[in-house]
Amino acid sequence: MTQIASILTHIDNAIQQGWLAPLDKAFVKFLAEQEPHANDSVLWLGALVCQQWRQGEVFLDLNKLCQNPLHFLALTVENSSDELTIINSFKLEYLLEQLKQSSLVSQQQGPTPLVLADNRLYLRRYWCYQQTVNQAIGNKLTQIRDQLPSSFVSNLTTLFPASSSTQPNWQKIACTLALRSRFCIITGGPGTGKTTTLTKLLTLMIQLTRDELGTDKKLTILLAAPTGKAAARVSQSINDALGKLTIADDIKQLIPKKASTLHRLLGSRPDTRLYRYHRDNRLPADLVIVDEASMIDLEMMAALLDALPNSTQLILLGDKDQLASVEAGSVLGDLCLGSEAIAYDSKTLKWIKDYSGETLTASALNGSAINQQTVILSPSYRFGPDSGIGQLAKSVNAGHVAQAQAILNNPAYGDLIPISKDYARLRAHPEPELANNVLKLLVKANYGDDNGKANVCQGYGYYLDKITLRPTEMDAIQTNQWAIDVLKAFDTFQVLCAIRNGDWGVKGINQKIERWLFGTQKLPQWYEGRPVMITRNDYHLGLMNGDIGITLKDSNNKLRVAFLNTDAQGNDPIHWVSPLRLPDVTTVFAMTVHKSQGSEFNHVALVMPETNSLVLTRELIYTGITRAKEKFTLIESQAGIFNQAILSSCLS
1 MTQIASILTH IDNAIQQGWL APLDKAFVKF LAEQEPHAND SVLWLGALVC
51 QQWRQGEVFL DLNKLCQNPL HFLALTVENS SDELTIINSF KLEYLLEQLK
101 QSSLVSQQQG PTPLVLADNR LYLRRYWCYQ QTVNQAIGNK LTQIRDQLPS
151 SFVSNLTTLF PASSSTQPNW QKIACTLALR SRFCIITGGP GTGKTTTLTK
201 LLTLMIQLTR DELGTDKKLT ILLAAPTGKA AARVSQSIND ALGKLTIADD
251 IKQLIPKKAS TLHRLLGSRP DTRLYRYHRD NRLPADLVIV DEASMIDLEM
301 MAALLDALPN STQLILLGDK DQLASVEAGS VLGDLCLGSE AIAYDSKTLK
351 WIKDYSGETL TASALNGSAI NQQTVILSPS YRFGPDSGIG QLAKSVNAGH
401 VAQAQAILNN PAYGDLIPIS KDYARLRAHP EPELANNVLK LLVKANYGDD
451 NGKANVCQGY GYYLDKITLR PTEMDAIQTN QWAIDVLKAF DTFQVLCAIR
501 NGDWGVKGIN QKIERWLFGT QKLPQWYEGR PVMITRNDYH LGLMNGDIGI
551 TLKDSNNKLR VAFLNTDAQG NDPIHWVSPL RLPDVTTVFA MTVHKSQGSE
601 FNHVALVMPE TNSLVLTREL IYTGITRAKE KFTLIESQAG IFNQAILSSC
651 LS
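Note that the numbering used here has the sequence shown beginning at 1, numbered continuously upward.
Honestly, the hints are just simulated from the structure, not real lab data. Any given hint might turn out to be false.
[As the list claims (entries may be wrong)] In silico BS3-like links for lysine-lysine, alpha-carbon gap of 30 Å or less:
| hint | residue 1 | residue 2 |
| --- | --- | --- |
| 1 | 100 | 244 |
| 2 | 394 | 488 |
| 3 | 217 | 140 |
| 4 | 507 | 440 |
| 5 | 444 | 553 |
| 6 | 440 | 140 |
| 7 | 218 | 353 |
| 8 | 488 | 252 |
| 9 | 553 | 440 |
| 10 | 217 | 244 |
| 11 | 100 | 64 |
| 12 | 512 | 347 |
| 13 | 140 | 100 |
| 14 | 244 | 257 |
| 15 | 140 | 91 |
| 16 | 25 | 140 |
| 17 | 488 | 558 |
| 18 | 347 | 140 |
It should be emphasised that the depicted structure is a prediction, and the values quoted were computed from it without experimental measurement.
From just these sequences and the hints, can you work out the full model?
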């Protein structure tokens, strides 16, 4: 039986070592209050399941914990202690026996704080979320059509004209499979055409609904994304795609052109976990599409599915290889497990052949029911074979360290830019001072010309010039246009960091960049040119977590923060907000890779920390690289950190 004081002393030691946190200790104390004679190992597992939750994991995998506890918890033998000795002694059979005997644990429904299922230990709330997701998606996987009308094939052919390519047209296949059930995943890397596919799919759905139910039936289609910036981006992408498609105006008008955040879609209630729409008040929609689905955590996915009527179709779009949500649960990645094998069964293969005309080779593997409704788009139309960014992203995603290094050092890839003569030395022998100088040179750069190659060295000097060269006489309309130009100029370049704290984290890099751009004099809190990111949703101001604005002088020469206005009602293109109304902001010359999700920039500089970290994973590096549309620069102050990150996968 346990001596709670001894357990808490050990946990305090682990907190000092940095691998447990006060929250873990508080949870153990709660468990001990619920069962005063709980077994030591049960309380330890309580601390570890809480630790895993803080790391974004939904459950504690007991198999992996017992197989290699140090690797599983990302600890090293150098940190050897009594606490690690205890963890190292865990045996799976013994842990399962103690958990099953504990009143703190149940294996299904019940009031217990912990749930044991398939050798996984869950916090009850997250186990319930998982059951909601599993059941709701399982219900939506049921086939709703036995066949498609001949008019569909004709419309599909119109949208996807024949090409000379010998590769399968995965966009065409995605449109075909999406109409078979009430659930579909369309995934793929940057530039693979997810939004284009979606726009064509919506055209086909509207036409199919007319064929099946008559012209009076109109689909209620809702479009959403996890963040405000992602919602604005998908809105713009759909409008761009519609401009390139030749379709009837009456169909064009029915395609949604404005996305909302998931919080807005569900009607979030401030300071609660509750939403206006839920299982007893369902969301009125025939079709819900969620873009950037890799950013959805388990709790949000459960809330969304809980609010959808059984008859509502759900389509998820996103990059399954991208970094998962900051909150617990890598939902899209988990749903896409096994999809790389393209393990379609005979019924799925026949459906694809009958309606898309594409013939796929049968796989020897048996894919899951979700795999049958998942399509991985390829190739990338943004990153061709001569793109260093595309090749680097592929090698990182595959975990190929040597290949990634060869690509970085290959001068043939013009989009992986060295921005000084010292850069080659930095790549070969990373050192903090040289990395500092390289980043400084890059940050201060303007749009330049390097041996005839225009727009090579865009940095923050570009948007600052837009501010400095402001015309002297401007009315409100002209001021708005100038502010738009400044915001767009700022958006061409972004410094991304893996971590928040430290000299090479967001906080330290932001301080450096302020000094480089504005000198060593002490700056006021609000100064012209300060870029800020909203860190908490503010529904009164219409600003969402992740929205970026720049501090500028408005048409009345007053210091305000200018945000692009994504309001669909045709309001002014710039939303001017007094700094005094913005308490929840942070300076954003540098941001974390997590915060960059849903965004794209012409040029990205990815800054590696000096030491390895739990958050530094292959998925994070891949996500940082693929935020770049045209140029990418790696800033590494210590050798080996980039390589270690490639070898570390949060899915492993």
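Original post:
Does the structure break any of the earlier hints, and which numbers would those be?
Top reply: 1, 6, 12, 13, 15, 16
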